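4 protein chains.
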Amino acid sequence: MLAEFSVVTVGKGEGMGDQIAKVLKIVDESGLPYKANPMGTVIEGDWDQVMGLIKRCHQEILKDSPRIVTSISIDDRPGKPNRITEKLKSVERRLGREVKK
Amino acid sequence: MLAEFSVVTVGKGEGMGDQIAKVLKIVDESGLPYKANPMGTVIEGDWDQVMGLIKRCHQEILKDSPRIVTSISIDDRPGKPNRITEKLKSVERRLGREVKK
Amino acid sequence: MLAEFSVVTVGKGEGMGDQIAKVLKIVDESGLPYKANPMGTVIEGDWDQVMGLIKRCHQEILKDSPRIVTSISIDDRPGKPNRITEKLKSVERRLGREVKK
Amino acid sequence: MLAEFSVVTVGKGEGMGDQIAKVLKIVDESGLPYKANPMGTVIEGDWDQVMGLIKRCHQEILKDSPRIVTSISIDDRPGKPNRITEKLKSVERRLGREVKK
Numbered sequence: 000m001l002a003e004f005s006v007v008t009v010g011k012g013e014g015m016g017d018q019i020a021k022v023l024k025i026v027d028e029s030g031l032p033y034k035a036n037p038m039g040t041v042i043e044g045d046w047d048q049v050m051g052l053i054k055r056c057h058q059e060i061l062k063d064s065p066r067i068v069t070s071i072s073i074d075d076r077p078g079k080p081n082r083i084t085e086k087l088k089s090v091e092r093r094l095g096r097e098v099k100k
Numbered sequence: 000m001l002a003e004f005s006v007v008t009v010g011k012g013e014g015m016g017d018q019i020a021k022v023l024k025i026v027d028e029s030g031l032p033y034k035a036n037p038m039g040t041v042i043e044g045d046w047d048q049v050m051g052l053i054k055r056c057h058q059e060i061l062k063d064s065p066r067i068v069t070s071i072s073i074d075d076r077p078g079k080p081n082r083i084t085e086k087l088k089s090v091e092r093r094l095g096r097e098v099k100k
Numbered sequence: 000m001l002a003e004f005s006v007v008t009v010g011k012g013e014g015m016g017d018q019i020a021k022v023l024k025i026v027d028e029s030g031l032p033y034k035a036n037p038m039g040t041v042i043e044g045d046w047d048q049v050m051g052l053i054k055r056c057h058q059e060i061l062k063d064s065p066r067i068v069t070s071i072s073i074d075d076r077p078g079k080p081n082r083i084t085e086k087l088k089s090v091e092r093r094l095g096r097e098v099k100k
Numbered sequence: 000m001l002a003e004f005s006v007v008t009v010g011k012g013e014g015m016g017d018q019i020a021k022v023l024k025i026v027d028e029s030g031l032p033y034k035a036n037p038m039g040t041v042i043e044g045d046w047d048q049v050m051g052l053i054k055r056c057h058q059e060i061l062k063d064s065p066r067i068v069t070s071i072s073i074d075d076r077p078g079k080p081n082r083i084t085e086k087l088k089s090v091e092r093r094l095g096r097e098v099k100k
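Chains as they are written, first to last, in numbering that gives the first Met the number 0: chain D, 0 to 100; chain P, 0 to 100; chain A, 0 to 100; chain F, 0 to 100.
What the hints contain is simulated information worked out from the structure, not anything from laboratory work. Since this is a predicted model, take the numbers as computed values, not measurements. Glycine residues also receive a C-beta, built at the ideal position from the N, C-alpha and C atoms. Careful: at least some of the hints might be erroneous.
[What the hints assert, rightly or not] Here are the computed distance ranges between Cβ atoms for each label pair:
| # | chain 1 | residue 1 | chain 2 | residue 2 | range |
| --- | --- | --- | --- | --- | --- |
| 1 | F | Gly12 | D | Pro80 | 36 to 46 Å |
| 2 | A | Arg92 | F | Leu94 | 52 to 62 Å |
| 3 | F | Leu31 | P | Thr84 | 35 to 45 Å |
| 4 | A | Arg93 | F | Pro32 | 21 to 31 Å |
| 5 | A | Arg92 | D | Lys62 | 42 to 52 Å |
| 6 | D | Pro80 | P | Asp45 | 26 to 36 Å |
| 7 | F | Lys24 | P | Thr84 | 12 to 22 Å |
| 8 | F | Gly12 | D | Leu94 | 43 to 53 Å |
| 9 | F | Glu97 | A | Asp63 | 53 to 63 Å |
| 10 | F | Asp27 | P | Lys54 | 14 to 24 Å |
| 11 | P | Gln48 | D | Pro77 | 32 to 42 Å |
| 12 | A | Arg92 | F | Asp27 | 20 to 30 Å |
If we strip away everything but chain D, and leave its shape as in the complex, we get (with noise of 0.2 Å):
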C-alpha cells in the first residue's frame, strides 16, 4: 500500500525543519521507498512496514514536543506493486508528458 504522511507540532516553534529532518532520516533509514514533498512523506509497504515507520517518527518528534499532529493517508490498492512510480508515471502516459515532481 501506499501512504503519505506528516507530523505538525504544537507549542514548540514556528519552524519544524529541524522535526522534518529527523523524520527523514528514520525513512530513509529504513529501507522503505519513499518520496518527500513540500507537505509530507509518500512511503510503500504493507500495513505493518508503513505503520511501524510511522510510529517511529511520530515517537520521535514526541520526544520534545507536548504535542503533535499526524496526518496520515492511506491508498490501498492490492496487487499493484512499486505504485511509488507507476501511478504518477500512468497519468504521464495519459498526458503524454511528463508532470511536474
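Could you slot chains P, A and F onto chain D? The hints should help.
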C-alpha cells in the same frame, strides 16, 4: 491519544453505508471509547490500541473492495486523559454554552 | 456537500481551546448546519458557503498565530440533501441501533 | 500558502488515472507553482488562487462521478515566499544531502 479515521471505497458502488456500518460494529465491539460523526469516527487509546483497531477496520473493508483510501488524523498530547469528552467540554466552558454535536 | 475541517496552530502554546472556541463561534453564527467533534467540525452547504466559512475561520486564527495548518475533507454527493444527519441515520438503520455521537 | 489536495472518486471504476490526468492538466494550465506526488498535488498561492484552482478540479471530476471525496491540507505561514521549493531545501541543508523526491 485521539485519532479520527475514515475509510472510502473506490471501485464499488456510490453508497458506503454498508461499509460504515461494518466499521462502526468493529469499533463498538473493541471497547475503546469512540464517537461517530458524519465524516469519520474518533477513538481514544494508545498507539497500538488505536492502530490495531483501524487496521482491523481497514482490512475488513478491503475484503470486498478492490481499492480503499483510509485517512487517519492523530492528536497526541501525553498526560491529558479522557480527551474524547474533555476537549470539547473545555471549549464549551470558554463559550459559556454547549455546541452542536 | 459535507465538509469537515480543523485548524492547528504552530508556534503558539500547547493548548488550542481558545482557537477552537473562536472557530465554533464563527461557525455557529454562520447559520450553516454543523456538528462539532473532538477532532474537527462538520458543516454542510454548497462549495462557496462551505469554503467561505472555512476561510473566515482560517483567517481569524491566523491573526494571532505565526503559522497554521488547516485540514479539510469534503464528501460531495449531489442530490442527497441533509446528509449531516441522514448519513449516520442510514448507518444506524443498518445496525438496528444508535451509535455513540 | 502551501496546499496539497487529492480527489478520490466513489462509485466509478477502481482506477483513477484518467481523473488525476484531468486534475494535473487543470493545475498545469493554471500557472500556479505545483508539484505532483503519488498521493496528491502541492500548489502555492494565496487563499483565493489555491481554493479557486481546487474548486475547478473538484467540479471537473464531479461531472462524471456520482460522488467524490476531496482532501485539502493547508500550511499557511505568512511572510515566507517560495515555500514549495524552499521548505524541503532547508531540510536538505540540515541533513547535508538531498532527499528522494
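Broken hints, by number = 1, 4, 7, 8, 9, 10, 11 and 12
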